[in-house]
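All chains, please: the whole structure from these sequences, using the hints.
In order, the protein sequence lines correspond to chains A and B. Position in the first sequence (first residue = 1) + 56 = the working numbering. Position in the second sequence (first residue = 1) + 44 = the working numbering.
Worth flagging that the hints you see were computed from the coordinates, not collected in a lab. A couple of the hints might just be wrong.
One side only, chain B facing chain A, incomplete, derived with CB under 10 Å [said to hold, decoys possible]:
#, residue
1, F51
2, T100
3, L272
4, A304
5, L307
Label-pair ranges, simulated between beta-carbon atoms [what the hints assert, rightly or not]:
#, chain 1, residue 1, chain 2, residue 2, range
6, A, Q116, B, R302, 15 to 25 Å
7, B, G135, A, V68, 25 to 35 Å
8, A, S67, B, T255, 44 to 54 Å
9, B, G69, A, K64, 36 to 46 Å
10, A, N91, B, E175, 32 to 42 Å
11, A, V68, B, R202, 17 to 27 Å
Residues from chain B that face chain A, not an exhaustive set, calculated with beta carbons under 7 Å [as the list claims (entries may be wrong)]:
#, residue
12, F47
13, G62
14, R63
15, S162
16, T187
17, T188
18, P190
19, A191
20, G295
21, N301
22, K303
Glycine included, every Cβ here is placed at the ideal spot set by N, Cα and C.
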Amino acid sequence: MCLAIPAKILSVDGDTAVIELGGMRREVSVILLDNVSVGDWVIVHAGFAIERLSEEDAEQTLALFREIMDTNAVH
Amino acid sequence: MRFIDDFRDPAAARALVGRILKDAGDAPMRLMEVCGTHTVAIGRAGIRNLLSGAVTLVSGPGCPVCVTPDGYIDAAIALGRMPGVRLASFGDMLRVPGRSSSLEKERGKGLDVRVVYSPMDAVAMAAAAPERETVFLGVGFETTAPAVAGAIRAASERGLENFSVLSSVRTIPGAMAVLAEDPDVRIEGFLCPAHVSTVIGTDAYLPLASTYRIPCVVAGFEPLDILLGISMLLRQKKEGAARVENEYSRGATPAGNRKAQALLREVFSPCDTGWRGIGVIPGSGLRIADRYAAFDAEKKHGVPVVFTAETKGCRCGDVLKGKIFPAECPLFGKACVPEEPVGPCMVSGEGTCAAYYKYGSGSR
Ligand code: SF4
Numbered sequence: 057m058c059l060a061i062p063a064k065i066l067s068v069d070g071d072t073a074v075i076e077l078g079g080m081r082r083e084v085s086v087i088l089l090d091n092v093s094v095g096d097w098v099i100v101h102a103g104f105a106i107e108r109l110s111e112e113d114a115e116q117t118l119a120l121f122r123e124i125m126d127t128n129a130v131h
Numbered sequence: 045m046r047f048i049d050d051f052r053d054p055a056a057a058r059a060l061v062g063r064i065l066k067d068a069g070d071a072p073m074r075l076m077e078v079c080g081t082h083t084v085a086i087g088r089a090g091i092r093n094l095l096s097g098a099v100t101l102v103s104g105p106g107c108p109v110c111v112t113p114d115g116y117i118d119a120a121i122a123l124g125r126m127p128g129v130r131l132a133s134f135g136d137m138l139r140v141p142g143r144s145s146s147l148e149k150e151r152g153k154g155l156d157v158r159v160v161y162s163p164m165d166a167v168a169m170a171a172a173a174p175e176r177e178t179v180f181l182g183v184g185f186e187t188t189a190p191a192v193a194g195a196i197r198a199a200s201e202r203g204l205e206n207f208s209v210l211s212s213v214r215t216i217p218g219a220m221a222v223l224a225e226d227p228d229v230r231i232e233g234f235l236c237p238a239h240v241s242t243v244i245g246t247d248a249y250l251p252l253a254s255t256y257r258i259p260c261v262v263a264g265f266e267p268l269d270i271l272l273g274i275s276m277l278l279r280q281k282k283e284g285a286a287r288v289e290n291e292y293s294r295g296a297t298p299a300g301n302r303k304a305q306a307l308l309r310e311v312f313s314p315c316d317t318g319w320r321g322i323g324v325i326p327g328s329g330l331r332i333a334d335r336y337a338a339f340d341a342e343k344k345h346g347v348p349v350v351f352t353a354e355t356k357g358c359r360c361g362d363v364l365k366g367k368i369f370p371a372e373c374p375l376f377g378k379a380c381v382p383e384e385p386v387g388p389c390m391v392s393g394e395g396t397c398a399a400y401y402k403y404g405s406g407s408r
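So, in structure tokens, the structure goes:
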């Protein structure tokens with residue numbers, strides 16, 4: 057029940073936004089976030105966007121994976 | 045999708061497993077994955093077997109359905125039986141056994157229980173049916189708490205007089221502290237939940253790390269997140285460190301979501317609360333604050349949640365505390381299976397017993 061998933065904001069209207077979730081469009085509340093805009097990735101749980109996902113931080117973690125792959129590659 | 049697929053790359057997973065096995069000490073490090081979503085992801089990816097010898101992963105109390113006391117189910121059923129009352133609930137609460145029945149069994153006998161995806165759906169139900177009282181079963185941890193709070197505030201703003209919440213909202217760090225103190229559990233590292241941390245912030249674990257000298261790593265729920273989180277815990281152990289580290293920086297910050305925290309402070313007040321199998325943990329619950337008392341189903345309808353002792357034969361308490369693996373419960377896979385659960389750990393998809401049953405490992 058705690059499942060929260062990344063979703064992309066398709067449109068925003070005041071306190072609600074439309075996201076795409078598993079191929080379906082759904083309205084979610086964005087009262088927990090400041091200045092949500094179209095194209096933002098957010099984490100959605102129980103009808104609320106609970107945080108914005110940071111592409112920059114995701115990229116840093118992915119870079120770390122690449123580094124670990126280079127030093128621990130199993131061939 | 046880059047936020048998902050990139051975190052499932054098998055080649056990176058192999059490299060991480062290699063790094064973990066290389067870092068392993070003589071005895072496996074005993075780690076607790078606190079959250080049920082981690083338990084399920086670990087089971088699905090077969091991580092326990094991949095890392096056996098390097099780490100022992102014990103599952104924690106982080107499934108809100110599993111730790112909801114049976115007295116809560118009894119109170120929900122009592123509310124549902126009141127004339128003119130309709131219940132709205134998250135789906136996985138329905139099969140949780142109370143002392144004598146479950147919501148699902150009662151629904152078969154005519155109890156009006158609707159499954160909703162969001163607490164806001166329950167508010168909409170109340171607005172659409174002013175002649176009936178809609179009671180939302182507000183169960184969850186910090187991830188869910190802002191949604192419950194948001195629904196209560198929305199109902200208040202709309203002046204809805206036929207909406208209330210039976211709150212069983214709880215907070216995770218207090219439960220982790222109880223486990224950290226328990227000599228039978230012997231945790232050497234906590235893999236902390238991603239989305240609870242999104243709300244409360246990774247700094248919320250600082251007191252745990254410093255008081256009990258237990259390393260804490262917040263990790264996401266994809267397989268690579270979990271493997272990297274475990275690797276970070278292992279490296280802390282090697283160094284003799286006990287820090288809070290954040291693998292899930294893309295979705296959780298040190299301070300957390302301040303707007304969500306402010307909403308929680310507005311709508312709820314901390315309280316002592318009973319956890320099934322663990323007992324009462326001081327300050328680990330959130331009750332509806334006095335200014336929103338009109339939306340508190342316990343007060344509005346005079347149906348208190350009474351914290352009661354265990355279900356006979358079920359060892360959920362020991363499972364939730366990480367003291368035993370599910371297979372050590374005599375009922376596991378015999379009298380207790382997902383279709384006929386005896387204890388709540390077998391009910392929810394995120395329950396430890398259900399996850400072990402589904403992914404075929406009752407031990408480790
Ligand atoms: S197997 Fe069933 S009875 Fe045993 S601890 Fe798990 S949920 Fe409880």
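Now the hints, each set against the structure:
Hint status for B:F51: holds, given a least beta-carbon distance of 8 Å to chain A, under 10 Å. Contact between B:T100 and chain A, as hinted, is not supported at the beta carbon level, the nearest pair being about 22 Å apart and thus beyond 10 Å. The beta carbon of B:L272 comes within 7 Å of a beta carbon in chain A, closer than 10 Å, and the hint placing it at the interface holds. A least Cβ separation of about 5 Å between B:A304 and chain A falls short of the 10 Å threshold, and the interface hint therefore holds.
With 10 Å as the threshold, the beta carbon of B:L307 comes within range of chain A, its nearest partner Cβ sitting at about 7 Å, so the hint holds. Distance hint check: the CB atoms of A:Q116 and B:R302 are about 23 Å apart, consistent with the given range 15 to 25 Å. With their beta carbons about 28 Å apart, B:G135 and A:V68 fall inside the hinted range of 25 to 35 Å. Between A:S67 and B:T255 the Cβ separation comes to about 46 Å, which falls inside the hinted range of 44 to 54 Å.
Look at B:G69 against A:K64: about 43 Å separates their beta carbons, and that is inside 36 to 46 Å. In this structure, A:N91 and B:E175 meet the distance hint of 32 to 42 Å, their C-beta atoms being roughly 40 Å apart. For the pair A:V68 and B:R202, the supplied restraint of 17 to 27 Å holds, since their beta-carbon distance comes to about 21 Å. The criterion of a C-beta within 7 Å of any C-beta in chain A is met by B:F47, whose closest approach is roughly 4 Å, and the hint holds.
Here the hint on B:G62 is kept, as its CB sits about 4 Å from the closest CB of chain A, short of 7 Å. The beta carbon of B:R63 comes within 5 Å of a beta carbon in chain A, closer than 7 Å, and the hint placing it at the interface holds. With its C-beta approaching chain A no nearer than about 2 Å, B:S162 sits inside the 7 Å limit, and its interface hint holds. The closest approach between the C-beta of B:T187 and any C-beta of chain A is roughly 5 Å, which is under the 7 Å cut-off, so the hint is satisfied.
Using the Cβ-Cβ criterion of 7 Å, the hint placing B:T188 at the interface with chain A is satisfied: the shortest such distance is roughly 6 Å. At its closest, the beta carbon of B:P190 sits 6 Å from a beta carbon of chain A; the interface hint therefore holds under the 7 Å criterion. For the restraint placing B:A191 at the interface with chain A, the shortest Cβ-Cβ distance is roughly 4 Å, inside the 7 Å limit, so the hint holds. Of the supplied interface hints, the one on B:G295 holds, with its beta-carbon coming within about 5 Å of a beta-carbon of chain A, less than 7 Å.
Because the smallest distance between the Cβ of B:N301 and any Cβ of chain A comes to about 6 Å, under 7 Å, the interface hint for this residue holds. Taking 7 Å as the C-beta contact cut-off toward chain A, the hint placing B:K303 at the interface holds, the least distance being around 5 Å.
Figure legend: structure checked against the earlier numbered hints; the only hint not met is number 2.
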